[in-house]
Amino acid sequence: MDYFDCNAMIGALGSGPEEVSLSVAGLLEQMERYGIEQALVTSTAALEYNARAGNRVLAREIEAHANLFPLYALTPDPSALEEAAALLPLRPFAALLAADREHHNFSLREWCSGPLLAALEQRNIPVFLRPALVGWEEVAAVLEAHSNLPVVVTHTGYRADRYIYPLARRYPRLMVETSMYVGHRQLEEFAQTFGAARLLFGTNLPYYTPGAALAVLGYARLSEAERARVAGGNLTLLLERQS
Amino acid sequence: MIEQAVREGRPLGVFVFDCHGHLGAWPDFPEHQNDVVRMLEVMDRLGIARLAFGSLDACYCEMRRGNQEAYAAAAAHPVRLLAYAVINPNFPESLEAELARWPKQAPRPLIKLHPYLHRYPVTGPNYRPLWEFADRTSAVVLSHTSESDPTCGPLLFEELARQYPGARIILGHSGVTRKGYEEAIQVARKCENVFLDTTGSQSHNGILERCVAEVGYQRVLFGSDLPFLEAAMGIGRVAFARLPESQKEAILGLNFRQLLEGA
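Top to bottom, those sequences are chains A and B. If you use our numbering, the first sequence corresponds to residues 248 to 490, in order. If you use our numbering, the second sequence corresponds to residues 1094 to 1356, in order.
The hints are simulated quantities; they were obtained by calculation from the structure and are not laboratory data. Ideal Cβ positions, reconstructed from N, Cα and C, are used throughout, including at glycine. Check the hints yourself; a few may be wrong.
Unchecked claim - Restraint-style ranges between C-beta atoms, simulated for each label pair:
{"#": "1", "chain 1": "B", "residue 1": "1170", "chain 2": "A", "residue 2": "357", "range": "53 to 63 angstroms"}
{"#": "2", "chain 1": "A", "residue 1": "356", "chain 2": "B", "residue 2": "1306", "range": "46 to 56 angstroms"}
{"#": "3", "chain 1": "A", "residue 1": "348", "chain 2": "B", "residue 2": "1303", "range": "42 to 52 angstroms"}
{"#": "4", "chain 1": "B", "residue 1": "1103", "chain 2": "A", "residue 2": "406", "range": "47 to 57 angstroms"}
{"#": "5", "chain 1": "B", "residue 1": "1337", "chain 2": "A", "residue 2": "361", "range": "39 to 49 angstroms"}
{"#": "6", "chain 1": "B", "residue 1": "1255", "chain 2": "A", "residue 2": "404", "range": "50 to 60 angstroms"}
{"#": "7", "chain 1": "B", "residue 1": "1168", "chain 2": "A", "residue 2": "273", "range": "20 to 30 angstroms"}
Claimed, not checked - Footprint (simulated), chain A over chain B, 3 or more residues, beta carbon under 8 angstroms:
{"#": "8", "stretch": "1120 to 1134"}
{"#": "9", "stretch": "1292 to 1298"}
Taking the hints into account, I'd like the entire structure generated from these sequences.
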């Protein structure tokens, strides 16, 4: 099984704790330990400190490692997307929009993020949103305004199906990251309802042990082809399709 | 090898005794395949031999009705399922009778507390007869805990563990968060009759190893929260932990069996 983790983060947090900070070397060591070949990675600097500066740090840190792909934090600031895209021009990437007030503090609505979202949609660049930070209404607004934009909801928690199911029914480009989607038989139920093509394997490193995510996927009642898609095939396709 | 079994998605092949499961449903998200037959299916798939569980109805709503349903399910599957008596402190006049109804499936009573859902502090006076009973009978008391919560923060249990040394107290979820785990570890280090439960939705990296280092593997117990949470998640945390195989095996089942049946 080829695992491609869509939810990993490097760097330290100012608020600690120290044991959950992960260097690139540490991430690679964890990936090897658990048998994860590739990862889509963001950085604490991009999320918690400054998007532009953090993206530069991230690109520099992962440049030498072809199995790591950047999840850049983007804001609606002019040229933020172009700057990020130019950092590692040959490597596909995804966009993290941490729009909440505690992070990058902007609105995901059209009057604010419309041009950025339209540009991402046009280039087919997947957008990662954390509903726990930005709210489900904002996720719905993004999907409604940009129906061709691939949107991945991450860190959803297991109590979110009354939001996820109506959105997934309505917006076929909505996908779910698995690290916190851990209700009883929740993953396989989603796969049976909407198809395994809409699930992305995530570990939530460095916070969570990948052992949990591997076990959830490993024991899920999916065909081996479906399991492989969730493990890495879906994310590979998602990144390949951008222009 | 336990880790290899998980990598291959097959039953673990060691004795697994899950200390923390449920029966029933809940209000705030849809349940999927949560009936007893499907729970047993999942247990077979993962290799969980036995599950101790408490009624969710009794946690959220009706103690008597919920416990009866749980006892009936346990009676229908006595080899696999073991029911806790869920005790609601808001009905103190029913406490003694409810404890007496517990079907004596194990050598010592099994009691489940949910101070958070019952909105009553675990140190409150209505719980006192329960703790006296637990002290007297060496009962196993599994309580929901949550970081710094005023009803069931792990630190509240230090006083109880000292006051009622005969009670064997399992800190359900070990306080849930990373900080909650630290609180639970702090109490367990001081009190030999306190046990840490690995059940929970948050799979903190390295926390199991830390529990073992601080408290000893003998007082760490595997729990799944079946059918609330995905049981495979809890199995994966133990299976991939950087611990010797013998300690994983103890955590997965032998420790809880010893707790129920040992001297």
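**Request:** Tell me, in ascending order, the numbers of any earlier hints that this structure violates.
**Result:** Hint check: 3, 4, 5, 6, 7 fail, others pass.
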